[in-house]
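J.: Each chain is listed here by its residues.
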Amino acid sequence: MELLIKNGLVYDPINGVNEEKMDIAVKDGKIVEKVNERRAKKIDASGMIVMPGGIDIHSHIAGGKVNSGRLLRPEDHFKDFERKTAVTRSGVGYSIPSTFTTGYRYARMGWTTVMDPAMPPLEAKHTHEELSDTPIIDKASYPLLGDWWFVLEYLRDGKIEECARHVAWMIKATKGYAIKLVNPGGLEAWGFGRNVKNIDDPVPYFGITPREIIRGLCRVNKLLNLPHTIHVHTNNLGKPGNYVTALETMKCVEDLAEDGKPVIHITHCQFSAFKGDDWRTFESGAEEIANYVNAHSHVTMDMGQVIFTDTTTMTADGPFQYILYTLSGNKWVNHDVETETSAGIVPFHYRRRSYVHATQWSIGLELALLIKDPWKILMTTDHPNGGPFIAYPRIVAWLMSRKAREATLKKINSKARSRSLLPTIDRELSFYEIAIVTRAGQAKALGLKNKGHLGIGADADIAIYKFNSETMDPSKKYKAVRRAFKRAAYTIKSGQVVVKDGEVLKHVDGATMWLDVKTSEEAKITEEMKRRFKDYWTVEFENYPVSEDYLAISQPTTVKADV
Amino acid sequence: MPVVKAVTCPVCGSLCDDIELTVENGRIVKVKNGCAMCEAKFLGYCGEHRVLKPMIRKNGGLVKTTLKEAVRRAAEILAEANYPVLYGWSSTSCEAISVGIELAEEVGGVIDNTSVVCHGPSILSIQNVGIPSCTLGQIRHRADLIVYWGSNPWSAHPRHIERYTAFAEGRFEKSAWRSYVNKVKALVGRKKLQSAIKRLFVKKPAPVPPPISEYKPYPFITKEGRKLIVIDVRRTKSAEIADYFVQVEPNKDYELLQAFRMLIRDQELEVDRVAGVPVEYLEEVADVMVSCDFGALFFGLGLTMSSGKLRNIDAALSLVRDLNMRTKFIIMPMRGHFNVTGANIVFTWQTGYPYAVDFSLGYPRYNPGETSVVDVLLRKESDAAIIVASDPVSSFPRKAAEHLVKNPLIVIDPHMNVTAQMADVLIPSAFVGIEASGTAYRMDHVPIPLKKVVNPPKGIHPDEEILRRILKEVRRIKKKEEAA
Chain E
-3 MELLIKNGLV YDPINGVNEE KMDIAVKDGK IVEKVNERRA KKIDASGMIV
47 MPGGIDIHSH IAGGKVNSGR LLRPEDHFKD FERKTAVTRS GVGYSIPSTF
97 TTGYRYARMG WTTVMDPAMP PLEAKHTHEE LSDTPIIDKA SYPLLGDWWF
147 VLEYLRDGKI EECARHVAWM IKATKGYAIK LVNPGGLEAW GFGRNVKNID
197 DPVPYFGITP REIIRGLCRV NKLLNLPHTI HVHTNNLGKP GNYVTALETM
247 KCVEDLAEDG KPVIHITHCQ FSAFKGDDWR TFESGAEEIA NYVNAHSHVT
297 MDMGQVIFTD TTTMTADGPF QYILYTLSGN KWVNHDVETE TSAGIVPFHY
347 RRRSYVHATQ WSIGLELALL IKDPWKILMT TDHPNGGPFI AYPRIVAWLM
397 SRKAREATLK KINSKARSRS LLPTIDRELS FYEIAIVTRA GQAKALGLKN
447 KGHLGIGADA DIAIYKFNSE TMDPSKKYKA VRRAFKRAAY TIKSGQVVVK
497 DGEVLKHVDG ATMWLDVKTS EEAKITEEMK RRFKDYWTVE FENYPVSEDY
547 LAISQPTTVK ADV
Chain X
110 MPVVKAVTCP VCGSLCDDIE LTVENGRIVK VKNGCAMCEA KFLGYCGEHR
160 VLKPMIRKNG GLVKTTLKEA VRRAAEILAE ANYPVLYGWS STSCEAISVG
210 IELAEEVGGV IDNTSVVCHG PSILSIQNVG IPSCTLGQIR HRADLIVYWG
260 SNPWSAHPRH IERYTAFAEG RFEKSAWRSY VNKVKALVGR KKLQSAIKRL
310 FVKKPAPVPP PISEYKPYPF ITKEGRKLIV IDVRRTKSAE IADYFVQVEP
360 NKDYELLQAF RMLIRDQELE VDRVAGVPVE YLEEVADVMV SCDFGALFFG
410 LGLTMSSGKL RNIDAALSLV RDLNMRTKFI IMPMRGHFNV TGANIVFTWQ
460 TGYPYAVDFS LGYPRYNPGE TSVVDVLLRK ESDAAIIVAS DPVSSFPRKA
510 AEHLVKNPLI VIDPHMNVTA QMADVLIPSA FVGIEASGTA YRMDHVPIPL
560 KKVVNPPKGI HPDEEILRRI LKEVRRIKKK EEAA
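Protein sequences, first through last, are from chains E and X. 559 is the number that the working numbering gives the last residue of the first sequence; the numbers go up by one with no jumps. 593 is the number that the working numbering gives the last residue of the second sequence; the numbers go up by one with no jumps.
Just so you know, the hints here were simulated from the structure itself, not pulled from any lab data. You may find that some hints are simply not true.
[As the list claims (entries may be wrong)] A few chain X residues facing chain E, derived, Cβ under 7 Å:
1) 214
2) 240
3) 247
4) 458
5) 459
6) 463
7) 471
8) 556
9) 558
Every value quoted in this text rests on a predicted model; they were computed, and no experiment measured them. Backbone N, C-alpha and C define an ideal beta-carbon position, used for all residues, glycine too.
All chains, please: the whole structure from these sequences, using the hints.
T.: Rendered as structure tokens:
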């Protein structure tokens, strides 16, 4: 099928296109130079913004933990549901939408690629079953490897290449996309109800420190030539004073960087940018983090912006979730996974009037505005931890408009307002920069070659928004920006118009991307390895890997490793 | 003879996946590693009660028909119904459940799984309190204290203790099997000695077993390693191997749980007995709970379906949550059917709710007490029913079953069970995990693939395939109606 998008105001940062009026031609799901103008279906985008489809580098949309959250919170669904239509399935929201609804809601906003960031390898099949049931969007998932016993033992013994081969095997076996570390070492300690205090606190019974795990997996990541860097949820997340840990985590891999390329992604950085000794002296550490990131090129990060709403926090960080439960007294789910990881869930309400919550809101925006290079800081809410992803239009408005920020500042806790750095920041992001933090930058950080841009040969994932950036000032008309991003005029996925004026037109399957990592020598599946497997897990070796049958559309990328 | 290894056993929620089957001429002839239930299923699934032809009720009797005709009739019943119920799902694959939900949405019915009559109260409690849990391997590696409350794994989940808990070998905790054997030897020795002494010196009539009110703790011999506590209304097989056995009076679990909650907070109990158990003994058991490094509490229907129901589970979950202030403690329901966990999971990711989902308004609605199949049947509201891989007529309340069989009834099941005998349309299906592949979820939410080991009899299809055909036919009928 051929498609021609005419006269749109195109923003395509990867190709340096900034608000140029041009036509985009699409054929067979790819962007092409030109199509037969008479035969092609035409979309008149005059007076509208055209961008690559949105990408989300970190959003918990599928898997055991997300589903336990769904089960835990019927009250979250009662207030928000979607009826079955002639083309769409029914479902529920709000903070943890059912799978079909998740796909539709992303597509309605013009997002077409979403990464689920925390997959316990043992339960990878569950994640993939849910991803396959998430329509329209393309997706991938990061296996949790920072507390896997194999990794801890190989790194302790200094067997980095052996470790790399096993990580390669694991990524293939779980159909994963990147190496995810969550509170490295801390989750293993949580197995006995403990935690690690800082990045040099040894992991009980394993004789290894978080620093060694982070550095080790960073080197493994380089050996395997993975497209994304290691994806790190820092130690001490959610604790006052933890900005020091975040800085140490970034510093500890400084020397591993080459040619100014990023080697580490600090995810939902807002939650790791707390200053102060306790909750009373709590304040923003965004400035310190921003200063460091501005001076270094080996880091990318995403915001983890907080939204004032009722949401559900869920991370693999079991000990952090336990602390959140003791703080809030809300219901609490814990789910430790043998030899690999853990998880926790606590419903949470971010309130404007709370000093801590309002400061958290401020920290996220401060980070995004103080870090000068938009390629380094990407937009997320760490869905649903900071708030559900449907709040993205509001964040876009806050980033683009000082007036929008001030409107919210007026309503928040007065102490938080007086300490917030936001009133001192004049910066307002342009649409070009918004296209970076929501698409181009995300694609670049993830190493997605065919996504996040509109160059010839790219996947035809396109979002068109009804906002005339030539005649309207987003800084003043921030509400119009919000409306435009809430309901895309068109969302095009793989060359098909799937959304028009915020309504889903088609239920199509999205692909699941994964890495087929080729090592020169495969991890030896010896009898010894099988014996160890039997010792470590309670499922049989051959029942462990995820077969491609679990993926609705399987889209492997071959990666050639150096080991 | 070909041996198929790493087969998952489709019987109970333990989902042991290390079964080895020997297949000869398309028949399973030998089962290795399995328990008695596993062997019985793999060797005896193709018995005399197997249905081999689709059937339709005509003039009061079931007569054989073609699959096409049976599917057409089933689709007609569902398409005509205003408020059908779709029930079962816990003994089939997640893939089939997924199609079932699509069908329920299409016909605007109520879809429910067997949780409604087993761990439904547990789910309601989890929605109240949350649940600190983990996978079974975590318990194998770390737990030095195992508690079974109102469940009898020795008989109902026979390999649970051996594979995952007290007798399993873990990284930080060793198997308690050897010390259990020593303990049994010591006990037998002591008994022999006592009876010898009695024979020699004392001449008394045989003692009458004491009534429950004169409760005496189980003779306790300390052993090394993991400790096992069993709490139940009767001395089960599992209780025999326990280090501590607490015999709770029937329907007094709630009191006992709250007593434990007080004890672990170091509060005094100002009574002598709780639920028929001396307080001193409870204090001792509470002390064991608090002083372990990693404890695990498993609970069964003894807790969910006795008096108090979800309140019992609220208390149990709260107890474990409280214990986490003192040590690491987790709790897990002992799920029965091999894929009842999977049914809850698939329901939840597609509709947001784990069971009792009502699609009559075009979107998922959940309100157990109103939208569960039992509620709908008791209100006599349903006007058609499809039962997949389950036998509700033998397990539902009588009034509910009475209304169920008044509905036009479609049954998809390999067996001629009680419900199938009442069916208007009966479509035989293949056994998932033996004759059809798929996915099931273990009680700890770990997904495990089910294997197809042998071919189903000719003309027999898996549940998933049959449901797809019915769904397709329903859509065709509806389209035709719309056009007309």
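J.: A separate judgement is required for each hint: does it hold in the structure or not?
T.: So, going through the hints one by one against the coordinates:
With its C-beta approaching chain E no nearer than about 6 Å, residue 214 of chain X sits inside the 7 Å limit, and its interface hint holds. Interface restraint check: residue 240 of chain X against chain E, minimum CB-CB distance 5 Å, threshold 7 Å, status holds. Residue-level restraint check for residue 247 of chain X holds (minimum Cβ-Cβ distance to chain E is 5 Å; threshold 7 Å). Taking 7 Å as the C-beta contact cut-off toward chain E, the hint placing residue 458 of chain X at the interface holds, the least distance being around 5 Å.
Because the smallest distance between the Cβ of residue 459 of chain X and any Cβ of chain E comes to about 6 Å, under 7 Å, the interface hint for this residue holds. Contact between residue 463 of chain X and chain E, as hinted, is supported at the beta carbon level, the nearest pair being about 5 Å apart and thus within 7 Å. With a least beta-carbon distance of about 4 Å to chain E, the hint placing residue 471 of chain X at the interface is held under the 7 Å criterion. Satisfaction of the interface hint for residue 556 of chain X is found here, the shortest Cβ-Cβ separation to chain E being roughly 4 Å, below the 7 Å cut-off.
Using the Cβ-Cβ criterion of 7 Å, the hint placing residue 558 of chain X at the interface with chain E is satisfied: the shortest such distance is roughly 6 Å.
This entry satisfies every hint, going by the numbered hints stated previously.
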